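Mind docking chain B on chain A? Use the hints.
2 protein chains.
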Amino acid sequence: MRQIAQRDDIRDLILDGVDSLLSRYGYRKMTMDDLAAAVGIGKGTIYLHFSSKEEVALSHIDRIIERLCDELELLARAKEPVDLRIRKMLQLRVLFRFDSVQHYTQSLNDLLSALRPSFLARRQNHFEQEAEIFVRVLEEGRRENTFQFHNSRVTARTLLMATNSLLPYSLNARELGERSFLSDQAARIAELLLSGLRSRRKKGGK
Amino acid sequence: MRQIAQRDDIRDLILDGVDSLLSRYGYRKMTMDDLAAAVGIGKGTIYLHFSSKEEVALSHIDRIIERLCDELELLARAKEPVDLRIRKMLQLRVLFRFDSVQHYTQSLNDLLSALRPSFLARRQNHFEQEAEIFVRVLEEGRRENTFQFHNSRVTARTLLMATNSLLPYSLNARELGERSFLSDQAARIAELLLSGLRSRRKKGGK
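Protein chains in written order, with our numbering: chain A, 1 to 206; chain B, 1 to 206.
Just chain A, same shape as in the assembly (with noise of 0.2 Å):
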């Protein structure tokens, strides 16, 4: 148990650096020589827990999404009615990525064109874990006959989808710099998908 946790903890440690390296140098500069330093550990023993540089890079990223995931199901089980919780957490999902990759917006092209193919691949996962906690929502606004929907998961994917073009990676460093823009897109994104989903309760019209 005690070393379970140190694992983590090494694990965690390790990431921490790579994050303030990825500020200082860049991805493409940075090497495992400098991550090894900048924690105090051997480089052996980040071998023991990333099998690359890329692969530290990309789980680091992976970490970004846990966390997001954390805040999400907060958000989902909050006491508010399903269609603010679902704008809040379209909000969310665009702003904590904005938040956690805003203090190397610099080497973040770098980055994303170095990684592109694999980071593109493992994004397919990161959509998948936040598709899941939308979905409860969704089938709760279903239940409630708020919202109204064929299929939970495709509608949860539609919702990702577009707001995804609002993530850092579609983004230009001008406009990741700015966060009330980003903010307020999200906010329009919500708001028309929103009403979209929302049953029509007297149906007007053919």
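Derived by calculation from the structure, the hints in this document are not laboratory data. Some hints could be false.
Unchecked claim - Restricting the straight-line Cα-Cα distance to at most 20 Å, the calculated cross-link-like pairs of lysine to any residue (SDA-like) are:
#, chain 1, residue 1, chain 2, residue 2
1, A, K43, A, E55
2, A, K43, A, E66
3, B, K53, B, L120
4, B, K88, B, R179
5, B, K29, A, R116
6, B, K79, B, R63
7, A, K29, A, E55
8, B, K29, A, S113
9, B, K29, A, P117
10, A, K29, B, K53
11, B, K53, B, I64
12, A, K29, B, R116
13, A, K29, B, A114
14, A, K29, A, D83
15, B, K43, B, S20
16, A, K29, B, P117
17, A, K29, A, V39
18, A, K29, A, S52
19, A, K29, A, D8
20, B, K53, B, S23
21, A, K43, A, T31
22, A, K53, A, S118
23, B, K29, A, A114
24, A, K29, A, F50
As the list claims (entries may be wrong) - Derived coverage of chain A by chain B (criterion: at least 3 residues anywhere in the stretch with Cβ under 8 Å from a Cβ of chain B; other residues may be distant):
#, segment
25, 82-89
26, 191-197
As the list claims (entries may be wrong) - Quick partial rundown of chain B residues pointing at chain A, CB under 10 Å, derived from the structure:
#, residue
27, L13
28, M32
29, S113
30, M161
31, L166
From a predicted model like this one, the values you see are computed outputs, not experimental measurements. No residue lacks a Cβ here, since even glycine has one placed at the ideal position from N, Cα and C.
Structure of chain B alone, referenced to chain A:
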């Protein structure tokens, strides 16, 4: 007049050459010498039209967008219900780009990662060109009371933003390979957005 026509012809021939070299070699390996040879003109003539290899590749992307906008104009003016037109336009902007880069999927990562910062800056102009066309259809829909919204330009940008994650830039090669996936996703996002835009002729609830 004749001279201007000729200049445009040569420009187009050069861009056709870029298109075929991108699919054969990819961006990084393509040289201005290759391009001159492929088009059958001197390298100096290319430099009369384009200042650099980057500029020629970006102009090639600009041309894709000009052609897309011509097609969008046709859909925008079609004698069809406004919501159907908007849906078709949203699908077109996704599928037209997909089709335009389909023959060099393999080298697309290469092109986009090399051009990333300057391409992202250029993309804003592309979106504004598209937005102008959407604005006109949205306003027509508002006049005839099919749509309800406040600001047509903000709404147009929101529609584009909500489908931007389906553009080649954000998708991985596997996703890019599935045209039907893209088409379905674009249709789903469009349907949800359009339900959000439709006027509720009979107002129910608060």
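Hints versus structure:
Restraint check for A/K43 and A/E55: the C-alpha separation of about 14 Å stays at or below 20 Å, so the hint holds. Distance check on the hinted pair: A/K43 and A/E66 sit about 25 Å apart at the alpha-carbon level, beyond 20 Å; violated. The hinted pair formed by B/K53 and B/L120 meets the criterion: a straight-line CA distance of about 17 Å does not exceed 20 Å. At most 20 Å may separate the alpha-carbon atoms for a hinted pair to count; B/K88 and B/R179 meet this at roughly 15 Å.
With a C-alpha separation of about 19 Å, the suggested pairing of B/K29 with A/R116 holds against the 20 Å cut-off. Of the pairs offered as hints, the one joining B/K79 and B/R63 is violated, with about 27 Å between alpha carbons and a cut-off of 20 Å exceeded. The straight-line distance between the Cα atoms of A/K29 and A/E55 is roughly 16 Å, inside the 20 Å bound, and the hint therefore holds. Distance hint between B/K29 and A/S113 is fulfilled; the C-alpha atoms sit about 17 Å from each other, no more than 20 Å.
Straight-line distance between C-alpha atoms of B/K29 and A/P117 comes to about 19 Å, which keeps the hinted pair within the 20 Å bound. Note on A/K29 and B/K53: the hinted pairing is violated, with a Cα-Cα distance of about 26 Å set against a maximum of 20 Å. The suggested pairing of B/K53 with B/I64 holds, with an alpha-carbon distance near 17 Å, which does not exceed 20 Å. Between A/K29 and B/R116, the direct Cα distance comes to roughly 19 Å. Compliance with the 20 Å bound is thereby established for this hinted pair.
The suggested pairing of A/K29 with B/A114 holds, with an alpha-carbon distance near 17 Å, which does not exceed 20 Å. At most 20 Å may separate the alpha-carbon atoms for a hinted pair to count; A/K29 and A/D83 exceed this at roughly 44 Å. For the proposed pair B/K43 and B/S20, the alpha carbon gap of about 17 Å is at most 20 Å, so the pair holds. Distance restraint check for A/K29 and B/P117: the Cα-Cα separation of roughly 19 Å lies within the 20 Å cut-off, and the hinted pair is therefore satisfied.
Using a Cα cut-off of 20 Å, the hinted pair A/K29 and A/V39 holds, with the two alpha carbons roughly 17 Å apart. This hinted pair checks out: A/K29 and A/S52 have alpha carbons roughly 14 Å apart, not beyond 20 Å. Distance restraint check for A/K29 and A/D8: the Cα-Cα separation of roughly 26 Å exceeds the 20 Å cut-off, and the hinted pair is therefore not satisfied. Using a Cα cut-off of 20 Å, the hinted pair B/K53 and B/S23 holds, with the two alpha carbons roughly 15 Å apart.
This hinted pair checks out: A/K43 and A/T31 have alpha carbons roughly 10 Å apart, not beyond 20 Å. Between A/K53 and A/S118 the CA atoms are separated by roughly 13 Å; this keeps the pair inside 20 Å, and the hint holds. The straight-line distance between the Cα atoms of B/K29 and A/A114 is roughly 17 Å, inside the 20 Å bound, and the hint therefore holds. With a C-alpha separation of about 18 Å, the suggested pairing of A/K29 with A/F50 holds against the 20 Å cut-off.
Only residues whose beta carbon comes within less than 8 Å of a beta carbon in chain B count, and the segment 82-89 of chain A has 0; fewer than three means the coverage is violated. For a cut-off of 8 Å, the count of residues in the segment 191-197 of chain A with a CB near a CB of chain B stands at 7, and the three-residue condition holds. The closest approach between the C-beta of B/L13 and any C-beta of chain A is roughly 31 Å, which is over the 10 Å cut-off, so the hint fails. Hint on B/M32 is violated. Least Cβ distance to chain A is approximately 23 Å, over the 10 Å limit.
The restraint placing B/S113 at the interface with chain A holds, with a minimum CB-CB distance near 4 Å, inside the 10 Å limit. Taking 10 Å as the C-beta cut-off, the interface hint given for B/M161 holds, the closest approach to chain A being about 5 Å. With a least beta-carbon distance of about 7 Å to chain A, the hint placing B/L166 at the interface is held under the 10 Å criterion.
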